[in-house]
Amino acid sequence: VRSGAGRGAATPRERLPHHLPRRAFRRPPSSRSHAHPHRHRHRRRRHFLHLLTGNLLSAPPHLNHRRHRPSSSSPPRAAHGFQKLQFNMATPYTPKSILITGAAGFIASHVTNRIVRNYPDYKIVVLDKLDYCSNLKNLLPASSSPNFKFVKGDIASADLVNFLLVTENIDTIMHFAAQTHVDNSFGNSFEFTKNNIYGTHVLLEACKVTGQIRRFIHVSTDEVYGETDEDAVVGNHEASQLLPTNPYSATKAGAEMLVMAYGRSYGLPVITTRGNNVYGPNQFPEKLIPKFILLAMRGKPLPIHGDGSNVRSYLYCEDVAEAFEVILHRGEVGHVYNIGTKRERTVTDVAKDVCRLFNLEADKVIQLVDNRPFNDQRYFLDDEKLKSLGWSERTRWEEGLRKTMEWYVANSDYWGDVSGALLPHPRTLMMPGYEGSEEIKGMLNLFTNNQTKMVAPTSEGSSQTRLLKFLIYGRTGWIGGLLGKICEKQGIPYEYGKGRLEERFSIVLDIQTVKPTHVFNAAGVTGRPNVDWCESHKPDTIRTNVVGTLTLADVCREHGLLVINYATGCIFEYDANHPEGSGIGFKEEDKPNFTGSFYSKTKAMVEELLKEY
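If you read the sequence shown in the UniProt record's numbering, its first letter stands for residue 1, the second for the next number, and so on.
Just so you know, the hints here were simulated from the structure itself, not pulled from any lab data.
Fair warning: there could be bad hints in the mix.
[Said to hold, decoys possible] Taking CB as the label site, the calculated pair distances span:
hint	residue 1	residue 2	range
1	558	403	41 to 49 Å
2	392	120	20 to 28 Å
3	92	234	53 to 61 Å
4	485	554	27 to 35 Å
5	482	358	46 to 54 Å
6	528	595	16 to 24 Å
7	595	349	53 to 61 Å
Glycine included, each C-beta is placed from N, C-alpha and C at the ideal position.
Please model the complete structure; the sequences and the hints are all you need to start from.
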């Protein structure tokens, strides 16, 4: 299928006292002699840093300008006249109806199970789109409780989020949903932006519109701080500067800025957490500890990025779940809380500890591999603020690692085929979750019995329509988006492909998971912002427009599937047989005759090659 017209148509660190944030202040250059601008600049910096850690709902005490002084006679107010809520932390906060996003994921599932178990009077509504690292089995302990409800859906759906907040009378949100694997962020950074920033923005806007939220707990990461100095004795505290160094942490820092802004502008009662690495049962094995355990169980080498000297702090999942329980009830609105531990280990130390559990010789099993494009050397947190609320780490490293190992030994098939996740650089798994098996489908029916579930509209057409299922590539494009809308209108089941076209195994996985009757390819590189981009990015253009399209065709041929490729009319230009203004158009069987752009060349080339299939 070709769309569009022919040629001529529009186409698509200084050492500081520990109570001051690292790199927050810098001595002005000696060439500048004016004192006042720098003094004001430092005041603004202190104000900004106060917003990151202190009460977002009042001005910091060191601001002495008249326009910054809060009135003693009236509470601070947000934009548009909304009065900011005031909370007395002498009385613990008691929620009534909590929405937990990303609840089928690793950390959120442990938090969900704990709150459902400990607080039967709270209504717990959990929302998860069941991505590749989510698993309904994680929520089995809570599934039979009368105060628990599961909803399958995406936080990026504003209609769904608003519907849930209103119909379920949500007064508290614990926002865990996010893409979190750093390796994936280097190759799929736009997915991280879409999930981590846009999804958070949708939630915040829904909170603003409904005006009923009394707590919004935003779950961030220690990685937003960037590297901690190797010789630092005191960890990053909540006022430390945010210096993210990879696409994942950058999106989490960006989401934090939105949360802070909505707290400041609209009086939304927000709390932010930043946590160290978490480990324990149920974790998807793209992360270090479960990956090492499963590889050791299989007698495979343990791959370590770089030289293995990178330092991390690890907390057991149940300790972290307790931390969120404490923050939910005792955390102060407008504040940030680090969830951390002072106990640090190098990646090599972790590998050696796993080897000891399995009686393996570390020297023979550990394998050094290429490092990430950038790999922070150390994350170290100051957790005194959280401890002041009554929380403390309970599980020793040796005990937690042993419990984790025993769980994976007893549940080795919990995640199905995870061979892709066990690769040294698993930048391959931005794909559907583990809903495809018959076991999980049965669980989904169990979870959603008498509960809310997002489903495709029922078809009012023939029985033949209900037998169709479409797999569509090109979700973010205009045509791909329209195809989805048409399917919804017609009541035709469909799913968007998650794999990259140039990666054959990911297409095969899509087909095995979705089990489509037809495949539609509306994906392709058209240039950013226009086709001129393709001239200087020829390998990228070939990889998607030619290699990707042919790979998809070949996989579909092997599976006996009809594939429809959406092409372009920008492979033709006016000629003697088709003069400009004559009204004589090109027919489907006409040969491409325009080679004036590299984009057009690739589209014409792939059309000719597709005929061989």
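Right, here's what the structure says about each hint:
no. : hint                    : in the structure
1   : 558 <-> 403: 41 to 49 Å : holds (44 Å)
2   : 392 <-> 120: 20 to 28 Å : holds (26 Å)
3   : 92 <-> 234: 53 to 61 Å  : violated (30 Å)
4   : 485 <-> 554: 27 to 35 Å : holds (29 Å)
5   : 482 <-> 358: 46 to 54 Å : holds (53 Å)
6   : 528 <-> 595: 16 to 24 Å : holds (22 Å)
7   : 595 <-> 349: 53 to 61 Å : holds (59 Å)
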